[in-house]
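> Same order as they appear, the protein sequences are chains A and B.
FYI, in my numbering the residues of the first sequence are 1 to 97.
FYI, in my numbering the residues of the second sequence are 1001 to 1402.
Worth flagging that the hints you see were computed from the coordinates, not collected in a lab.
Be aware that a few hints might be false.
Computed footprint of chain A on chain B, listed as stretches where at least three residues anywhere in the stretch have a Cβ under 8 angstroms from a Cβ of chain A [claimed, not checked]:
hint, region
1, 1094 to 1103
2, 1201 to 1207
3, 1212 to 1225
For each residue, glycine too, the CB sits at the ideal point set by N, CA and C.
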Amino acid sequence: MEAKDDNISAMCKPAVGEAGKTGDWRDATPVIDRAKCIASVKNRAACYLCWLYCPEGIVTAGIPVEIDLTYCKGCGICAEECPAKAITMVMHEEGGK
Amino acid sequence: MSGNVQIMTGNSAAAYGAKLCKVQVISAYPITPSTSVTETIANWVERGELKAEYVRVESEHSVMTVCVAASTVGARVFTSTSSHGLLYMHEQLHWAAGSRLPIVLCCVNRGVGAPWSIFNDQQDSIAQRDTGWIQIYCRDNQEIIDSVIQAYRIAEEVYCPVMVCYDGFVLSHTMMPVEIPDQEKVCDFLPPYKPHTILDPEDPRNINPVIFPWQRRDAEGVLRDGYMDMRFKLQHALEQSHDVIVRTCRDYAGLFGRDHGGMLWGYRTDDAEVLIAGMGSIATEATMAADLLREAGIRAGVVGIRVYRPFPREEVRDAFRNAPAVVVFEKNISYGYEGALCADIKAALYGTGIAAPIHNFIAGLGGRDVKASELAEAVRASLAAIAGGKRELQTWLNCVTE
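With the rest of the complex left out, here is chain A (with noise of 0.2 angstroms):
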């Protein structure tokens, strides 16, 4: 038998993850043109602004910009905000992902 949840009222400790994979949630994908995207264009850090809309925190500041799959839920604000038009959401098909 596993031990029994010990907390009276519920709880939950800030982690990666601690809301399950959100990424199974998504309908439609961010996908990077990185010959578009200011940071891969200018090779240096610049703009982020994806990175600093993104309500999931799943975006990396980095060279390249990265998106972290398993946990974006493809709310499209990247998309959005991005100044260079970077990045486009690919709606999925039905039933599929």
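Using the hints, position chain B against chain A.
Same frame as chain A, but now just chain B:
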């Protein structure tokens, strides 16, 4: 009585009870008839006689959110309210119970609108029956001060909030002799409050996040309860609190010499041919009605329900086991059915073979006066109806019903 006896109102008694428990945070919003409870405490805080934070807010909903927050971080918390103020707290009452916080609230019972009434009945607290709070109903001012002190010990042992209910004006604004317990003895009786969860910046956590219908493994791999498992824990805690309430009442009696009966109390019940049941001051009134009936040759007794949640299932069965007839008077109505207490008493007796006829009188709503002689007359009428074969009766006392 001995020691420090003063003549005081029920609201003063409640305030003294909170002071003796050295409450650390009080939040309140004024509403008749509860206002003078927290007004009295505010005076003590301002004068430095009670070392506590008094938090003024714009509504009762905010009152209970302040209580929840303060109790979560380990403060002993007190508030009081009445009627619409309690109803306005409703959502946060659920929140306090679900968070398992040992908040003590004095509900000074008052009718609810519409139409407006500032006068007494118990509709306000009965309407909060299913919020997960323990409910104690007091019959006099001494029981108020004693019950507030007991309430903290019960609440902090079982991690459930406690509502100490007493009738507006009938007790809240009526002066009676009250013995104020000795401060040192109260400190011995009531150990310091230890919160079930310690909040620490070194070990951060989110309390009451969204919880799913199913159990779920957290990021550390521990299987955490789903919503329903958490709710079962609350129900289990309320059921378990029964024994704690009884033991606390007994310990209190041992230390302070006053036993308020635990879950319920009886008056001249042993040989009774009819038992009158009620909660709060109407049960006190019923003891005088029982005396009047006995003077007239009818062997009446009284069963006062002191704790309404958890409901004293077993005690009710024992109390009514040999009663040939039961008459329930109560200051609330579950609209479309009957009085809430009567329904619960009947439910407790189901399947036990106890088959006493049970009559139900809704009485004293919105402060309508109920005299002992009127209770006695109602019991007499009930007994006549029972003799005529009428096993069930549901009616309103002193009210135009035709």
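> Count residues of the region 1094 to 1103 of chain B with a Cβ under 8 angstroms from any Cβ of chain A, then say if the count reaches three.
holds (count 3)
> Confirm or reject the coverage of the region 1201 to 1207 of chain B by chain A under the rule of 3 or more residues with a beta carbon closer than 8 angstroms to the chain's beta carbons.
holds (count 5)
> Taking 8 angstroms as the C-beta cutoff, is the stated coverage of the region 1212 to 1225 of chain B by chain A satisfied by three or more residues?
Since 9 is at least three, the answer is holds.
Comparing the model with each earlier hint shows no violations; every hint is respected.
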